[in-house]
Every structure is written in structure tokens, then in C-alpha cells.
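Once you've looked at the hints, dock chain B against the given chain A.
This is what each chain is made of:
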Amino acid sequence: MCLAIPGRVVETFLQNGMRMARVQFGGVTRDACLDYVPETTVGEYVLVHVGFAISRVDEKEAHRTYQALAELDQLTELEAPIVDEPSGGAA
Amino acid sequence: MKYLDEYRDGDIAAKLVERIRRVQTKPWVIMEVCGGQTHSIVKNGIDHLLPKGVELVHGPGCPVCVTPLEMIDKAHAIARRPDVVFCSFGDMLRVPGSNGDLFSIKSQGGDVRVVYSPIDCLKIAKANPDRQIVFFAIGFETTAPANAMLAWQARATGMTNVSLLVSHVLVPPAIEAILSSPQNRVQGFLGPGHVCAVVGYREYEPLAGRFHVPIVVTGFEPLDILEGVLMVIEQLEQGRAEVENQYSRVLDRGGNRPAQDLIGKVFEVSDRKWRGVGNIPGSGFQLRDEFREFDAEHRFSVETIDTMEPPVCIAGQILQGIKKPHDCPAFGTECTPQHPLGATMVSAEGACAAYYAYGRHLTDADLVTIGANGK
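Top to bottom, those sequences are chains A and B. Each step along the first sequence adds one to the number in the working numbering, with nothing skipped, and position 22 is 23. Each step along the second sequence adds one to the number in the working numbering, with nothing skipped, and position 103 is 379.
The following block holds chain A by itself, in its conformation from the complex:
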């Protein structure tokens, strides 16, 4: 579980004082915090570990790492339930 998963930043926004992004991983989109790679812009690829982008990578590296993780069955963390902001009720 120390492996980070590459995804593409499709949108950025602020939430609770943190710079966040919608990140697309294959067919799944999840939120990730960009505070540790603050220079990241929409369209770029980042390595995301448990909801935090820790490194930027190029597209080629992103595709390749994603495939390798899929083969190792290491994408299951993306299936964890989505927790909504409280106004929408908790999971």
C-alpha cells in the first residue's frame, strides 16, 4: 500500500483551505489534495497516494505505471467509498 497511483488532473478547487483536484484514474475519478505539488495545473499527471498528490509525472510514465498497478491488482484503494461533504449527509 505504499504505491501511488497516477492520474490526470481534470479540475482544481479549494476545499477547507486545501487546494484540491478532481483526478481521473482510468474510469474512476476521485478527489486529491494538491498542497504537496502546488504548481500542478489542469491536464497534468500526478502520482496520488491515499488522496494526496506526491509527485508530478509525464503522460507516458502515468500510463505505464497505471497499467503496471492494474496488473498487480493494486488499484483497489480507488474503490473505497466516497465521503461527501456533510451538507449532503455522511456515508
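Some hints could be false.
So the derived list for chain A, only partly shown, Cβ under 10 Å to chain B, looks like this [said to hold, decoys possible]:
(1) F14
(2) L15
(3) N17
(4) C34
(5) L48
(6) V58
(7) T66
(8) E78
(9) P82
(10) E86
Please keep in mind that the hints were generated in silico from the structure rather than gathered at the bench. Cβ atoms here follow ideal geometry from the backbone N, Cα and C, with glycine treated the same way.
Chain B in isolation, oriented as in the chain A frame:
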């Protein structure tokens, strides 16, 4: 998909193996530190591609595996409380404690939730102001920035119903412990790529010098691993002991500075016990005093629980590269992923679980039978 072929290219793998063969003149023992690397090696049979004189042994880099039983029992004691919502990464749910696992606590009515990210706990806390939200903050350096942010945000926003049960471990002190053991066999290391994406690899340089071992920070894909092995063997054959970076497309020597800054504000280095291995000085993180009120151990004052590992289990020696899964009489018989007896069988990244998942507990006779269906 278009990028896949060049990296799966059997020709490149064959060339790397051939270069390893040409360079290697003596037997060498190399440890891969990261559980993701172990998984990749066993799945792809990389250890079987290497010349006979090159032995890969599997390291302690599986955070789920090395989380001590005492801490798992503490987690369970807290998760059973009716006022608690206990949040965890999914991997921890089926890790057995002395009495059941988090799944069984959930089925008995405990509010146990799998979260994708530690900061999901902030939302759960806001939605449940009358309940205590406890996050099981395990992991190596890769996970520390995420766990640090939970504590940081909880304090910044004055949340009184969030706390962390911290069981954080660090790679360099584990490498030091392995190299200091009189039984040590390891002569070179593949360093953990995504751990170093966060912390860089400066900390590894004194280790390489002091113990005269090459350390090559390496990715987890098959060609990464073969290239990392080649780089380690080149150093060993030339009598060099340096830290080199095979994974430069992802990380540099300094790592991620903003992440390191927040880790330093929230955590301080502490002694940690590793399941199967025992206490390793300075091998983990604990919350700094300023964050003590967010420490679940402090908030819930859980008593220390005496635990006992099955005496047959040799996980500690496997985690240190002294033994392999096959050396254990319980491997694949008494001890399986469904009924793990020890650390290295509890997570898919543990060496025993990886060996089991890819059929290495089977005998030749089993393989012949299965072979009829394409193995």
C-alpha cells in the same frame, strides 16, 4: 496501452538479464525493501530469471504486515466503543488481532469505515459531531504526508472529535537494523521508489557508506527491478557502495519538500515495534506534543495488551531477509492468506502472501496437474 509494449518488451528484459549475467562473477544477496516490489518480483517470476548466483530476499516494506499486534488489538478495543466511528484503509480490515479483525467488529455492530483518504475523516467528523472519529494512521513515509494533513487540519479547524491511532514506520532504521544483525546476509538493496518520492534518498547515503552496501532506489515494474538489480551488481562487482537512483523519472534526491515540511511539523521520530521483528530504535513517527490531544492512544487511554505470536511463525526472519517463506513448516498449510499466522501472510504485499498467491506453495506434482489448464 500504446506505452505498454516498450516496457513489457521481452527483448529489453532479456538484454538486462544478459547484462546481469555478464557483469556478475560472484554470488550476491540483494534485498528489495518495498512490498510492491516483492509482489511484482513474485508475480513476474523475476527471481527465476536471474542467474543462480543472484538471490533476491524480501524486505520489511509492507506497512500492514509490520503493524504490531498490540497496536491492532488497541485499534480493535477502540473500534468496539459505541461512541466511536473507526476509520481505516481497507487493507487493515482483515488483519487478525488476538481476537478477531475489524470486519468481525463491524459485523458485531461496530461503526468501522473504510476511507480512501485520511482527510475523509474530517467530513465524517463534521457530519457526526456527537461521535469520536478515530483514524488508524499506519504506513511508511509515503503515507505520512496524508496522515500528517489529517492532524494538521483537525487542529487548524478546532475539531475536538477527531484523533489518530498512529503506527508509523520508517525505512532507513529498518535497513540499519537488518545490516546490524549478526545473521545478516544482505549485500545490496533495491530502495523503495514511492517512499523516496516523498522523502528523497539523502538519508540512505550515510547507511551506504557506514555499512558499505550499494542502495539503488528502484521502481516496481519488472524492467525497473531488473535494471535496479543490474545497478546493484555493478556496484558490488566494482567494490562501490553508493546510493543511486534508477527511478529518476519519478523522484530526485531531495524528494517532496512541502510534504517533508508538514511531516516535520506534525510528527517526531520515535521508537517503534515492528510485528515479527520487535522494537527498532527511532524507526517510526509519533505525534508531536502540540498534537497530543489528537492522539487516540492518549484520548482513549487503552491499556497495553499482552499478545503472543504463534511460535512456529518465522515472519521476523523473513522480513529481515534471513529466511524465505518455504523455510517455514506452516507455510501454505497451517498458515494461508485466509488464516494468517503472522506478519508476512496478512497482506498481499507480504512475502508469504505473495508466494502463496502465485502458487509457490504448490509442489511440482500440483503444478503438473494445474498445468493442464494453463497454470
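Hints versus structure:
1. Nearest Cβ of chain B to the Cβ of A:F14: about 14 Å, over the 10 Å cut. The hint is violated.
2. Residue-level restraint check for A:L15 is violated (minimum Cβ-Cβ distance to chain B is 13 Å; threshold 10 Å).
3. Look at A:N17: its Cβ gets to within about 7 Å of chain B, closer than 10 Å, so that hint holds up.
4. For A:C34, the interface hint holds, the least distance from its beta-carbon to any beta-carbon of chain B being 7 Å, beneath 10 Å.
5. At about 7 Å, the closest approach between the beta carbon of A:L48 and any beta carbon in chain B falls short of 10 Å, and the interface hint on this residue holds.
6. Evaluation of the A:V58 hint against chain B yields a held restraint, the C-beta minimum of about 6 Å falling below 10 Å.
7. Restraint check, A:T66 versus chain B: the minimum CB separation of about 7 Å is within 10 Å; hint holds.
8. Restraint check, A:E78 versus chain B: the minimum CB separation of about 6 Å is within 10 Å; hint holds.
9. The closest approach between the C-beta of A:P82 and any C-beta of chain B is roughly 7 Å, which is under the 10 Å cut-off, so the hint is satisfied.
10. For A:E86, the interface hint holds, since its Cβ comes within 10 Å of a Cβ in chain B; the closest pair sits about 6 Å apart.
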